[in-house]
Amino acid sequence: MSSPVTVQAGTDRWQVLRLLVSRKTVLISLIVLVVLIAAALLAPMISPYDPYKLSIMNRLKAPSGAHWFGTDDFGRDVFSRVVYGGRLSLTVGFAVVILSSVLGIALGLLAGFFRGADKFVSRLIDAMMAFPDILLAISLVAALGPSVINVVIALGIVYTPRLARIVRASTLVIRELPFVEAARALGVSTWRIVTVHVLRNLVSPILVQGTFIFAYAILAEAGLSFLGVGVSPDIPTWGTMINAGQQYMGSADWIMIFPGIAIVLSVLSLQLVGDGLRDVLDPRLRKEL
Amino acid sequence: MNPNVVLSVQGLKTWFHSRDGVAKSVDGVTFELAKGETLAIVGESGSGKSVTSLSIMGLLPKPAGRIEAGSIHFRDRAGIEHDLAHASAATLRRIRGAEIAMIFQEPMTSLNPLYTVGDQIAEAVLQHEGGSRAAAMARAREMLERVEIPAAAKRIGEYPHQMSGGMRQRVMIALALACNPSVLIADEPTTALDVTVQAQILDLLRRLQEELHMSILFITHNLGVVAEIAHRVAVMYAGRVVEDADVYDLFERPTHPYTRGLLSCLPTDALLASGERLRAIPGNVPSVLALPAGCTFAPRCPLADADCTRAVPELLPVRPQHRARCIKVATI
Chain A
1 MSSPVTVQAG TDRWQVLRLL VSRKTVLISL IVLVVLIAAA LLAPMISPYD PYKLSIMNRL
61 KAPSGAHWFG TDDFGRDVFS RVVYGGRLSL TVGFAVVILS SVLGIALGLL AGFFRGADKF
121 VSRLIDAMMA FPDILLAISL VAALGPSVIN VVIALGIVYT PRLARIVRAS TLVIRELPFV
181 EAARALGVST WRIVTVHVLR NLVSPILVQG TFIFAYAILA EAGLSFLGVG VSPDIPTWGT
241 MINAGQQYMG SADWIMIFPG IAIVLSVLSL QLVGDGLRDV LDPRLRKEL
Chain B
1 MNPNVVLSVQ GLKTWFHSRD GVAKSVDGVT FELAKGETLA IVGESGSGKS VTSLSIMGLL
61 PKPAGRIEAG SIHFRDRAGI EHDLAHASAA TLRRIRGAEI AMIFQEPMTS LNPLYTVGDQ
121 IAEAVLQHEG GSRAAAMARA REMLERVEIP AAAKRIGEYP HQMSGGMRQR VMIALALACN
181 PSVLIADEPT TALDVTVQAQ ILDLLRRLQE ELHMSILFIT HNLGVVAEIA HRVAVMYAGR
241 VVEDADVYDL FERPTHPYTR GLLSCLPTDA LLASGERLRA IPGNVPSVLA LPAGCTFAPR
301 CPLADADCTR AVPELLPVRP QHRARCIKVA TI
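Which chain is which? The protein sequence lines are A and B, in order.
Residue 20 in the numbering used here sits at position 20 of the first sequence, with consecutive numbering throughout.
Residue 67 in the numbering used here sits at position 67 of the second sequence, with consecutive numbering throughout.
Wrong hints could be hidden among the right ones.
[Said to hold, decoys possible] As a list, the in silico SDA-like pairs of lysine to any residue whose alpha-carbon atoms are at most 20 Å apart:
{"hint": "1", "chain 1": "B", "residue 1": "K62", "chain 2": "A", "residue 2": "L110"}
{"hint": "2", "chain 1": "B", "residue 1": "K62", "chain 2": "A", "residue 2": "L177"}
{"hint": "3", "chain 1": "B", "residue 1": "K62", "chain 2": "A", "residue 2": "D118"}
[Claimed, not checked] What the simulated footprint calls covered on chain A by chain B, stretch by stretch (three residues with Cβ under 8 Å from a Cβ of chain B suffice, anywhere in the stretch; the number is not a length):
{"hint": "4", "stretch": "168–179"}
{"hint": "5", "stretch": "276–285"}
[Unchecked claim] Away from chain A, derived, C-beta distances all over 10 Å, residues of chain B:
{"hint": "6", "residue": "G36"}
{"hint": "7", "residue": "E228"}
{"hint": "8", "residue": "V247"}
{"hint": "9", "residue": "G283"}
{"hint": "10", "residue": "S287"}
{"hint": "11", "residue": "A311"}
If you're looking for bench data, these hints aren't it; they were derived computationally from the structure.
Ideal Cβ positions, reconstructed from N, Cα and C, are used throughout, including at glycine.
Okay, chain A solo, but in the shape it has when bound (with noise of 0.2 Å):
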């Protein structure tokens, strides 16, 4: 009793953080990213073997006890490959993520709460969609030059209008329920309502589409690396490390099938806690304790 508040305040925080580990999926997959994460961050450590070390006579080997993953054409390691792989893969993904969020959020805002602008920014989309994805990453990675902060600024900017069309039309349903004229009567500033009121009801559709991008961003990476304007072919990343294995996927799966599944399981883990994070974050589809 004596401050209801501070403790009202944390149990809040600390009950979202419990109900998302109670489920089960979620709880497996918050292990299986932490696991990619941790694999990434401390990649010389856990990696046997150099990842950048060519070895003529080991080239094509099946997985075996001295190459848990198999070789690559040139004898790589594919495990230690995979391993390091993770760190610029899981990076760019994470960063066009938020790029994407941080521009999609803004313009889709401007565009559903402001009928002014909207016109505006809504023919910038328009226009900007009109785009094939790929095209306009590359002409964006050729006229900022080939560096991995370009290729992120370049997909960030590419996926920026998938997140900003989803949420100028949420945006449009949500300007027009009572509870935001409800708290304009209440003299709450219009900066307030579109940042506080209006965003907060906006978290389950942008972390679904935000998970979607990470996916995309980690493929479109590899895409713009295989056509020579990503990082260089020799940095292993899941999205090349595929590309690469492609002619071989007859003879050597191996070297296209681990990487696959290093993707495979990051989006979809991600999803899934994208997921549980939506349910438990939105007080009515939370369970009651």
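Mind docking chain B on chain A? Use the hints.
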């Protein structure tokens, strides 16, 4: 402005400009709200009562809705008069919630579903008065107790969906009164509620009014509710006030043919005993896009003649404190 008056609306015209023309939703509304008084604005759907309240709050949908003429004088707590029809957005925002608060018809959707009711009340307090979050939450709890929500300390952490309609309307009232406004605009606050809950909410509003010495502008189409809560009544028809009077006077001696028609639509014991059907006023409310010339009620009025359509009648005194917008006031 009379020192006893907190809100004075004079000749207010709020029009909506659309592709189909100009909708004169509010076309010359005049009334005064005294300190500690409840003024009910009664009217059918489309009579302009809600637009009047939105004009006062400065919440008209822009750019379609505009105040074309008239003034809305409001005296704030410091005694300074503001004309809300011409006030800046910043002034309006400072007054909204803190000096004039509003409760709405839909208690189910007028609260943000993703925040606890305590958070939402605290937000209003922080917005206008600042201070610490803990203090704002303490005020929120005090307000929930004030609107007689049982176990307020526990309910403060609940979300709107965990509450019933009546409870949510109580939360809305707590939210509106959190900053101790001098005027409360209640736009059909009981329409969406069960009859028993309606009576509780009206009772609560009446008690809070006495405790907090506030004025209430009560907007409704329900004459039964009017009789329950109002001190004075303004009857609106097609964007104008057609009659204003003391509540007893209005029910005992309705003067304007429209008011008489409305009252005769209510079931009475005599009518029930006779087994007759309920009476209705023939015809429909005119479209605000094309109002009839002269008295807007003339096309439906049993007493109308050629004189009625010549000019818009003035609000003429019937008795002291009782006016009607009808040229036949003297002969009725």
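Okay, the hints, checked on the actual structure:
1. With a CA separation close to 17 Å, the supplied pair K62 of chain B and L110 of chain A stays within the 20 Å bound.
2. Proximity of K62 of chain B to L177 of chain A is assessed by CA-CA distance (about 16 Å); at most 20 Å being required, the pair is judged to hold.
3. Between K62 of chain B and D118 of chain A the alpha-carbon distance is near 15 Å, which keeps this suggested pair within the 20 Å criterion.
4. Interface restraint, the stretch 168–179 of chain A with chain B: holds (3 residues with C-beta to C-beta distance below 8 Å; minimum three).
5. With a cut-off of 8 Å between beta carbons, the stretch 276–285 of chain A has 4 residues touching chain B; three or more are needed, and the interface restraint holds.
6. Every CB of chain A is more than 10 Å from the CB of G36 of chain B (nearest about 22 Å), matching its label as outside the interface.
7. For E228 of chain B, the non-interface assignment is confirmed: its Cβ lies about 24 Å from the closest Cβ of chain A, beyond the 10 Å cut-off.
8. Distance check on V247 of chain B: its Cβ is at least 26 Å (rounded) from any Cβ of chain A, clearing the 10 Å threshold; non-interface status holds.
9. No beta-carbon of chain A is positioned within 10 Å of the beta-carbon of G283 of chain B; the least distance is around 32 Å.
10. Distance check on S287 of chain B: its Cβ is at least 24 Å (rounded) from any Cβ of chain A, clearing the 10 Å threshold; non-interface status holds.
11. The non-interface label for A311 of chain B is consistent with chain A: the shortest C-beta to C-beta separation is roughly 37 Å, beyond 10 Å.
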